[in-house]
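Number of protein chains: 2
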Amino acid sequence: MHHHAPRSTPPPAAPVVPLGGGRRGIGPDDLRLTGGFWGELQERNANATLKHCLEWMERLGWIANFDRVADGDTGGPRPGWQFSDSEIYKLAEALAWEYGRTGETWVNEALEALTGRIAAAQDEDGYLNTCYGHAGQPGRYSDLSSGHELYCVGHLLQAAVARVRTVGEDKLVDVARRAADHVCREFGPDGNPGICGHPEIEVGLAEFGRALGEPRYSEQARVFVERRGRGTLAPIALLDASYFQDDVPVREAEVWRGHAVRALYLAAGAVDVAVDTGDAALLAAVERQWARSVERRTYLTGGMGSRHQDEGFGEDWELPPDRAYCETCAGIASVMVSWRLHLATGDVRYADLMERTFYNVIAASPAEDGRSFFYANPLHQRSAAADVRPDAVNPRAEGGVRAPWFDVSCCPTNLARTLASWQAYAATVEENTAEGDTVSLLQYAAGEMRLALAEGELALRIATEYPHAGTVRIEVVDAPARSGLRLRVPHWADGATLSDGSGERDVEPGWADVRGPLAPGAVIVLELPTAPRLTWPDERIDAVRGCVAVERGPLVLCAESVDLPPDQSLEDMRVDVSGPLRAEGDGALVRTRSAPARTESPGRPPYRPAPPTGDAGPERELRLIPYYRWARRGGSAMRVFLPLA
Amino acid sequence: MHHHAPRSTPPPAAPVVPLGGGRRGIGPDDLRLTGGFWGELQERNANATLKHCLEWMERLGWIANFDRVADGDTGGPRPGWQFSDSEIYKLAEALAWEYGRTGETWVNEALEALTGRIAAAQDEDGYLNTCYGHAGQPGRYSDLSSGHELYCVGHLLQAAVARVRTVGEDKLVDVARRAADHVCREFGPDGNPGICGHPEIEVGLAEFGRALGEPRYSEQARVFVERRGRGTLAPIALLDASYFQDDVPVREAEVWRGHAVRALYLAAGAVDVAVDTGDAALLAAVERQWARSVERRTYLTGGMGSRHQDEGFGEDWELPPDRAYCETCAGIASVMVSWRLHLATGDVRYADLMERTFYNVIAASPAEDGRSFFYANPLHQRSAAADVRPDAVNPRAEGGVRAPWFDVSCCPTNLARTLASWQAYAATVEENTAEGDTVSLLQYAAGEMRLALAEGELALRIATEYPHAGTVRIEVVDAPARSGLRLRVPHWADGATLSDGSGERDVEPGWADVRGPLAPGAVIVLELPTAPRLTWPDERIDAVRGCVAVERGPLVLCAESVDLPPDQSLEDMRVDVSGPLRAEGDGALVRTRSAPARTESPGRPPYRPAPPTGDAGPERELRLIPYYRWARRGGSAMRVFLPLA
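So the protein lines, in turn, are chains D and B.
Residue numbers are given in our numbering: position 536 of the first sequence equals residue 906, and the series is strictly consecutive.
Residue numbers are given in our numbering: position 578 of the second sequence equals residue 948, and the series is strictly consecutive.
Chain D with its partners taken away, still in its complex shape (with noise of 0.2 angstroms):
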């Protein structure tokens, strides 16, 4: 183990709290949202996500697995894929982390009643699963690479996480404890030598290390880490090593590769373990990985994952818009690597890939609701789809529609642990700075936040409409005697200014710092533009060469056809750009024409020995609206790369 100068302050009740480096994240208590963008979003997760996943998971007895294990009761049909537990878990860590932002008793029970019936399937010797182990059911481990066993212990562990760092050591966390170290006797140095196919287990028993101050669990994460990239998990049929990253060890990778999801989840384990045991080394690693992933691999929305066949990463500049993956899980585990190697490394970087994450794949998903949601999250949908039914298991994770609920269903419950704990984000605290501890803030929403620093409380309270409207305004309610603060300026906030009791000046991307005293009353006003703007792919991505995309601040726009007349389609619209855009409401409209005429072919292939020609048609304005609002008026057909006329 590293070793690391002692704290000043408590740590805070967060989801990542690193054993060292001086800078840390804050609670969800510690940033009270009031109303806003976030605070919607939040509000609608506590008051329906969170029913919402749980009627659906008793409904289709998932939860009641953990009760027929309690009761000996396994040898028949069990519903639900064999990774079902980790969807009761997510759940649980949401409502953790629920319930210690808002106290509400109700969550607390729901948590409780949970715990108690996973803890009744829980083994003697503290295995817990409900798909492996039992009479009638595959024995425990024989199949590392399907079998999600430590995947699912991975997240019981968050959970744990979540529970004892806001309200202590409970029954949760202790039957999370038998299952850590059950996991830690089967699979340490002298046990079985397999890992999981899924990674999860290395980024939970890191932090559920963290979090006890106990180095064995720990340890394992770097275990499980290290043994990975070996090529011992058996393959899966059709599916090579890369798919799990069995590959290529961590710390020799140079990009993502495979399941977008497990190679993230993977990345955050192995910064939690290079952070945690001072290696240098790996941590360059994970951040090289990071940086030509998101160099050549990353959606415009932020989005991972290219390939709907293996949910995979797809090769360099492999890009499509109309069979992007970009699962919202995948969005929520780039936030999870991002947010690492920023608390390790202070990167702005780092901060605004997930600015662009959060606003276009991770809100993108709710409907206005809260009680279904998009899994994959594609930049092009030719065709408007059909509603689903607000009963239906949804099979594939695609359509256009957000669904209630999937046969794979593990973004319902993933979204509603990472909106629970959204504030966690929002900013970080360095210690010992020339000014004492000095904040940074990262993502703006409206709220009142509080932090205990070494030399007192800061308060402060923040206003904004952010991101329909570009001012952050952050008035000083307390502070102590020294403190810093800065502010994160987005890299695409071409044109920002700052005022402070310095007066008004430019600021740069990157970071502003905060000039004069930071005394009750000083306001600070943060302006960040929010005109439309053009963004252009690079020339590399073929899949969307001769196109152009709108972005509103950290809003990527689209193009729905709903919003066109029905003699229109979106597949002719050919956008004018040699005028300026117009901003409308917190969309734009931008100036298209019809494309050129066709000639038609009947029954050839659609190539031609000439390029079309003719006229092409009437100027028209076509409206865009932010991405992460389409399909909220029913199936339509959507672009967010249009092409030019």
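For the record, the hints were derived by calculation from the structure and aren't laboratory data.
The beta carbon of each residue, even a glycine, is placed where N, CA and C say it ideally should be.
Any given hint could be a false lead.
[Said to hold, decoys possible] Ranges of calculated distance between the beta carbons of each label pair, as one might list FRET restraints:
| no. | chain 1 | residue 1 | chain 2 | residue 2 | range |
| --- | --- | --- | --- | --- | --- |
| 1 | D | T602 | B | P381 | 56 to 66 angstroms |
| 2 | B | D761 | D | D437 | 47 to 57 angstroms |
| 3 | B | K421 | D | D551 | 41 to 51 angstroms |
| 4 | B | G1004 | D | A604 | 23 to 33 angstroms |
| 5 | D | D739 | B | D493 | 38 to 48 angstroms |
[To be verified] Computed, partial: chain D to chain B, Cβ under 8 angstroms:
| no. | residue |
| --- | --- |
| 6 | D399 |
| 7 | H678 |
| 8 | G826 |
| 9 | E827 |
| 10 | R903 |
| 11 | D908 |
| 12 | A965 |
[What the hints assert, rightly or not] Which chain D residues face chain B? A few, computed with CB under 10 angstroms, are given here:
| no. | residue |
| --- | --- |
| 13 | A607 |
| 14 | G684 |
| 15 | D686 |
| 16 | W687 |
| 17 | P690 |
| 18 | R693 |
| 19 | D717 |
| 20 | V778 |
| 21 | R875 |
| 22 | E878 |
| 23 | P907 |
| 24 | E909 |
| 25 | A913 |
| 26 | P972 |
| 27 | Y977 |
| 28 | P1013 |
Chain D is already provided as a structure; the job is to place chain B on it using the hints.
Just chain B, lined up with the frame of chain D:
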């Protein structure tokens, strides 16, 4: 059953012999290829591929699965997928056609040896499958969605068709008859109302019924076609009913969708049923599906299937070149459908698509030694693939190199049976026309053709280096008193000329009737233009916007990175089409400039606030070669569609 005029000549020994319609194909023994493009492919198939498939299936134990059933030794693990029997049947079909074509002793011996082992595994009641229905195996027809039992029988019947039409009834035919009888009993109107997840039994039963004159088989084919599309197949996880075309009845569908090979085998069977029963509406339905799918869901190569995920068609205009699946088997299946539609209607467009598919999908699959194969046939490979080991089973259908065998290895044996019977698709005979019987030449290959017409034998000597040169010289060696001859002028052949007894004249794409008497010694010369030409994709194909392709005659060309100096990259090439294209060998040279200078933004997603600018770099020439030969010089990056400067 529909009633037909009696034939004036015996039916050809061909894969497809409709009961009526007055137009028939020719048998593989009616045209002896003398070298040339298809002659060489066929020789390589005979001398290498047939033995290669036999050796691999023996080595992997797929043939021994029949022995295990015969020996009552079915308790243990069984090598191969549940559908591996079909590979043995496809190889049997290939051997049957090959023996019919050449009379080679070893071919007949190999087929008889296989037949003996197959026959020994047949149950008393005619059921035949090595994966289901015996001790320690799942029950018969216990998994119609995935079990492929009827699919396997369909391939057995196609093998028996080849046998009965080339040598007459033998043991293989007897085995097939008992299997077909079993299927009719089991799945007849009063029996199991199910269908097979993978169509193929339809086309097998229909043709076997034709070959034996057994209307029960044809009727059962009709029943299977009509039952489909009504949602009776149990869902396969993560796939919907369109995957196996159980979403919409065949006669109601507008377009092909789902798994491409399944969709196309079903369509082929539906044409057989429509023709044999005189069901004009069903025939029109398949014609409509063909037209819509060809116009909007077909690659420049003729390849079909845009998605790896389900080996399936995508949506209209979803034609990514990099992730094109274009399975070799789907190319073969497309030929099966187009051939049946051509026989039914005489429409030249079907033969045009067959040519495109023959040269740019089917011919692309086998390596020069006939011992490795492409499974997927993408139109864009971003990075050069590593070679596969010559003894390795390739886990996946991708990779940019030909592989000796695949985990799912449907393509090698499918290719073998298709190449062994390729001549069958080269010409048709239309009976009782004004000129007596009229012969239509559809595909051009050097060889000796001898056709038994109503009034005597027509013998032609065809000399051509097609497709590498555009001259086709046809000498009449023998001819009856009355007969007609016409030549297909491909749809791309702008500027073709024909010399015959009436002199030389321009001919338009479509049919060119030969004028003047067809008498011994007459010489007809068709000149097809084979200069390189530009081909422009429809504007609605998003994935190749701003690109152009180059073709020569029936050959699609491509650029390979192995032809570039080490300091140049295929992704940087931008084609300048302002000047003429230059022919080089059977390829072309195009002028290019390198892409504009790029703005790199480390750690940022690949989207910029301004389009790329700067010097476009020096002019260079880029070499293009026929697509079917790509990756023959080792792994290579490759592009068919070239971005425009």
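Going down the list of hints, with the structure as the test:
1. A beta carbon spacing of about 59 angstroms between D/T602 and B/P381 agrees with the range 56 to 66 angstroms that was offered as a hint.
2. Judged by the Cβ atoms, the range 47 to 57 angstroms given for B/D761 and D/D437 holds: they are separated by roughly 51 angstroms.
3. A beta carbon spacing of about 59 angstroms between B/K421 and D/D551 contradicts the range 41 to 51 angstroms that was offered as a hint.
4. The given range of 23 to 33 angstroms is respected by B/G1004 and D/A604, whose C-beta atoms sit roughly 31 angstroms from each other.
5. In this structure, D/D739 and B/D493 break the distance hint of 38 to 48 angstroms, their C-beta atoms being roughly 57 angstroms apart.
6. The beta carbon of D/D399 comes no nearer than 32 angstroms to any beta carbon in chain B, farther than 8 angstroms, and the hint placing it at the interface is violated.
7. Because the smallest distance between the Cβ of D/H678 and any Cβ of chain B comes to about 4 angstroms, under 8 angstroms, the interface hint for this residue holds.
8. The interface hint given for D/G826 is violated, since its Cβ lies 36 angstroms from the closest Cβ of chain B, which is over the 8 angstroms cut-off.
9. Annotation: interface hint on D/E827 violated; nearest CB of chain B at approximately 34 angstroms, more than 8 angstroms.
10. Interface restraint check for D/R903: the shortest CB-CB distance to chain B comes to about 7 angstroms, inside 8 angstroms, so the restraint holds.
11. At its closest, the beta carbon of D/D908 sits 4 angstroms from a beta carbon of chain B; the interface hint therefore holds under the 8 angstroms criterion.
12. Interface hint at D/A965: satisfied, since its Cβ lies 5 angstroms from the closest Cβ of chain B, which is below the 8 angstroms cut-off.
13. Annotation: interface hint on D/A607 holds; nearest CB of chain B at approximately 7 angstroms, less than 10 angstroms.
14. This hint holds: D/G684 has a C-beta 8 angstroms from the nearest C-beta of chain B, less than the 10 angstroms allowed.
15. Hint status for D/D686 relative to chain B: holds, with the closest Cβ pair at about 7 angstroms, below 10 angstroms.
16. Of the supplied interface hints, the one on D/W687 holds, with its beta-carbon coming within about 7 angstroms of a beta-carbon of chain B, less than 10 angstroms.
17. Among the interface hints, the one on D/P690 holds; its C-beta lies about 6 angstroms from the nearest C-beta in chain B, closer than the 10 angstroms criterion.
18. A cut of 10 angstroms between beta carbons decides the hint on D/R693: the least distance to chain B is about 7 angstroms, and the hint holds.
19. A hinted interface residue such as D/D717 counts as satisfied when its beta carbon comes closer than 10 angstroms to some beta carbon of chain B; here the least separation is about 8 angstroms, so the hint holds.
20. This hint holds: D/V778 has a C-beta 7 angstroms from the nearest C-beta of chain B, less than the 10 angstroms allowed.
21. Using the Cβ-Cβ criterion of 10 angstroms, the hint placing D/R875 at the interface with chain B is not satisfied: the shortest such distance is roughly 22 angstroms.
22. Interface hint at D/E878: violated, since its Cβ lies 14 angstroms from the closest Cβ of chain B, which is beyond the 10 angstroms cut-off.
23. Look at D/P907: its Cβ gets to within about 5 angstroms of chain B, closer than 10 angstroms, so that hint holds up.
24. Interface hint at D/E909: satisfied, since its Cβ lies 5 angstroms from the closest Cβ of chain B, which is below the 10 angstroms cut-off.
25. With a cut of 10 angstroms, the hint placing D/A913 at the interface with chain B holds, because the nearest CB-to-CB distance is about 5 angstroms.
26. Annotation: D/P972 was flagged as interfacial toward chain B, and the flag holds, the nearest CB pair being 6 angstroms apart, inside 10 angstroms.
27. Among the interface hints, the one on D/Y977 holds; its C-beta lies about 5 angstroms from the nearest C-beta in chain B, closer than the 10 angstroms criterion.
28. Of the supplied interface hints, the one on D/P1013 holds, with its beta-carbon coming within about 6 angstroms of a beta-carbon of chain B, less than 10 angstroms.
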